[in-house]
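Residue numbers (the numbering used here): 1 to 123.
None of these hints come from the bench; they were simulated from the model.
Remember, it's a predicted structure, so these values are computed and weren't measured experimentally.
Treat the hints with care, since some could be wrong.
[As the list claims (entries may be wrong)] Each pair of labels, with its calculated beta carbon distance range:
hint : residue 1 : residue 2 : range
1    : 28        : 96        : 15 to 21 Å
2    : 95        : 45        : 24 to 30 Å
3    : 36        : 80        : 25 to 31 Å
No residue lacks a Cβ here, since even glycine has one placed at the ideal position from N, Cα and C.
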Amino acid sequence: MVKAKKTVSLLMMVVLTLMLAVPVFAASKSYQFYYEGSYDSHSSTYIAAPAEVNGNTVTIKLTGNYFPSLTVEGNTYTGSYNSGTNLTTFTFTSANPSADIDIELFVSTVFHSQLYDLTLHWN
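Let the hints inform the model, and build the full structure from the sequences given.
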């Protein structure tokens with residue numbers, strides 16, 4: 001009887017340890033860019049794939065080498081451009097990634113370089 005109780009206790013400890021060790025899995029989430037509260041078709045055409053959300057970390061990929069940085073909740077993140085895929089990747093944190101995220105996206109092209117106030121709006 002004592003041996004059975006020790007085995008059950010040990011088994012419960014192992015199960016609890018495994019439950020705590022299971023990582024939060026990333027989820028793909030579709031989004032659009034909003035500008036001044038409305039869907040912005042021009043900005044949204046640069047979205048290359050759904051966002052990957054893992055806990056408070058969000059990763060987005062934009063087409064082209066026009067996006068040197070973005071700012072979220074006062075923190076500025078540098079884009080990582082891959083010339084092989086023609087994609088710029090941003091990985092940033094958000095206090096509440098399940099809600100829409102206000103961002104400032106810096107766009108740099110031959111014709112203009114400026115900061116855009118956008119909202120990453122989840123579909």
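Q) In this structure, is the beta-carbon distance linking residue 95 and residue 45 contained in 24 to 30 Å? A) holds (28 Å)
Q: Take the C-beta atom of residue 28 and the C-beta atom of residue 96, compute their distance, and say whether it sits inside 15 to 21 Å.
A: holds (18 Å)
Q. For the pair residue 36 and residue 80, does the Cβ-Cβ distance stay inside 25 to 31 Å?
A. 28 Å Cβ-Cβ, so the 25 to 31 Å window holds.
When the structure is compared with the earlier hints, no violation turns up for any of them.
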